[in-house]
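K.L.:
The whole structure should be built from the sequences, with the hints applied where relevant.
Chains as they are written, first to last, in my numbering: chain B, 1 to 253; chain F, 1 to 224.
Since the hints were derived computationally from the structure, they do not count as laboratory data. Do not take every clue at face value.
[Stated by the list, open to error] In silico lysine to aspartate or glutamate, EDC-like type, Cα no more than 20 angstroms apart, as pairs:
| # | chain 1 | residue 1 | chain 2 | residue 2 |
| --- | --- | --- | --- | --- |
| 1 | F | K52 | B | E128 |
| 2 | B | K63 | F | D87 |
| 3 | F | K6 | B | E92 |
| 4 | F | K91 | B | E143 |
| 5 | F | K26 | F | D193 |
| 6 | F | K52 | B | E131 |
| 7 | F | K111 | F | D176 |
| 8 | F | K53 | B | E131 |
| 9 | F | K99 | B | D89 |
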Amino acid sequence: MSNDELILLNYWPSLFGARVRIALEEKGLKYEYREEDLPNKSPLLLEMNPVYKKIPVLIHNGKPICESNIIAQYIDEVWNDRAPLLPSDPYEKAQARFWASYSDKIRDVGWKITYRKNNEEAVESKNELLEMLKALEGALGDEPYFGGENFGYVDISLIGCYMMFYTYETYANFSIEAECPKLIAWVKRCLERKSVSKSLGDPKIVYEIAVEWGKRLGLGLSTSLSACTVLSSLESEDFWRGRVKINKRDGDH
Amino acid sequence: MAEELKLFRTWSSPFALRVVHALKIKGLEYETIFEDLSTKSASLLQYNPVNKKVPVLVHNGKPICESLVILEYIDETWKQCPLLPRDPYDKAEARFWAKFGDEKIFSSIWKVLITQGKQQEEAIVEAVQNLKLIEEQLKDKKFFGGETIGYLDIAFGWTVNLIGILEEIIDQKLVDEEKLPLLSAWMQNFSDDPVIKDCWPPRDKMIVKFQVMREPYLKNLVSQ
Chain B
1 MSNDELILLN YWPSLFGARV RIALEEKGLK YEYREEDLPN KSPLLLEMNP VYKKIPVLIH
61 NGKPICESNI IAQYIDEVWN DRAPLLPSDP YEKAQARFWA SYSDKIRDVG WKITYRKNNE
121 EAVESKNELL EMLKALEGAL GDEPYFGGEN FGYVDISLIG CYMMFYTYET YANFSIEAEC
181 PKLIAWVKRC LERKSVSKSL GDPKIVYEIA VEWGKRLGLG LSTSLSACTV LSSLESEDFW
241 RGRVKINKRD GDH
Chain F
1 MAEELKLFRT WSSPFALRVV HALKIKGLEY ETIFEDLSTK SASLLQYNPV NKKVPVLVHN
61 GKPICESLVI LEYIDETWKQ CPLLPRDPYD KAEARFWAKF GDEKIFSSIW KVLITQGKQQ
121 EEAIVEAVQN LKLIEEQLKD KKFFGGETIG YLDIAFGWTV NLIGILEEII DQKLVDEEKL
181 PLLSAWMQNF SDDPVIKDCW PPRDKMIVKF QVMREPYLKN LVSQ
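P.N.:
Here it is in structure tokens:
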């Protein structure tokens, strides 16, 4: 195991990428971090993820693993001698997988808040997001983490969304903390962990980026693009050329 | 302790079919509760309050939701006839392709069903491209799982059923033996397997169901 070569292809504002960074940090693994410039995807990214051409991709001894929740499970299964991320009981594991998969939908709902076609869509999406966050609060209950006493797979899957909260709140003029205080208390607890604080970008900078995207792609109230069209158009958009050296966080490898 | 297994499903849900296949392969006895999604039962809403969907597997009173999550639960709880590969890398690959199937294959096949003319031709091209990607994962194996049916075969199994029905409705071949020889052979092998054979939903009913589902989309296209 000591000769393992790990490379992470990522884009720092990505909540999916954050999952992998946190999982690697929790396991105390050394890896090479490579920031991708999304409009100019590296040949390595295109080779390692030919199906989706997306980050994050973890490359372990030359072999790629794609899809963030799948990567996190892979990390947990390979380095199973330390800091378990998933519970060992099959039923608890199934619950964890359910909630991790649920948290995948937050990005799509959040997208509709930010780049909505009209105010009705923004309000509808805001309400949908709050419903989801409240369901997650219910799952958390009175435990410190979704994993119970221990920070784990669901916490890792969800915490990256926090990077987008300020964006959603600003675009739709609401406070997530006011509606979901327990969840924000959980967020603050997670941010105290080094693995998390190292891996999450500043939500205010993420907001600036979201605004920039909106302007450059003509998204938002003036457009009739659906969220899905927007998602795929971003893959090929090259407006980042002027901002390749994106603000990085301290402690990036 | 006597195991109590209940499966909440609809008669046609392809996701529920995955669970049916897995339970049969593992040789497990269970009770089936058929749901009518227009009037969901109190039990379903109690067991799956978040998504309110089928399938739900209830094991000794405890619910597990989401078909791929259920497959892994079944595999981890009952060790006979293992479904997932043991190696973490192979496991990650299987999970990746199962997710791909859900995200890309389902939607591309649906597009073929609800379009006509040029749009349908383009939808067919896209669907075949996606099916080719899956075919590449077969390599020279009989099943995605190797010699025996595994997780990925079950995850894709619904395509065997639905594609045949779609081909009959649109009167066109989607999985051509020439264009997709390995996938075509896999579909046959999967269908012929004694465990899988008896589990398909009634074909005539499926054809009617999907013809009815298709109508409003085609009407919409005509009126545009």
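K.L.:
Which numbered hints are broken by the structure, listed smallest first?
P.N.:
Violated hints (numbers, rising): 4 and 9; every other hint is consistent with the structure.
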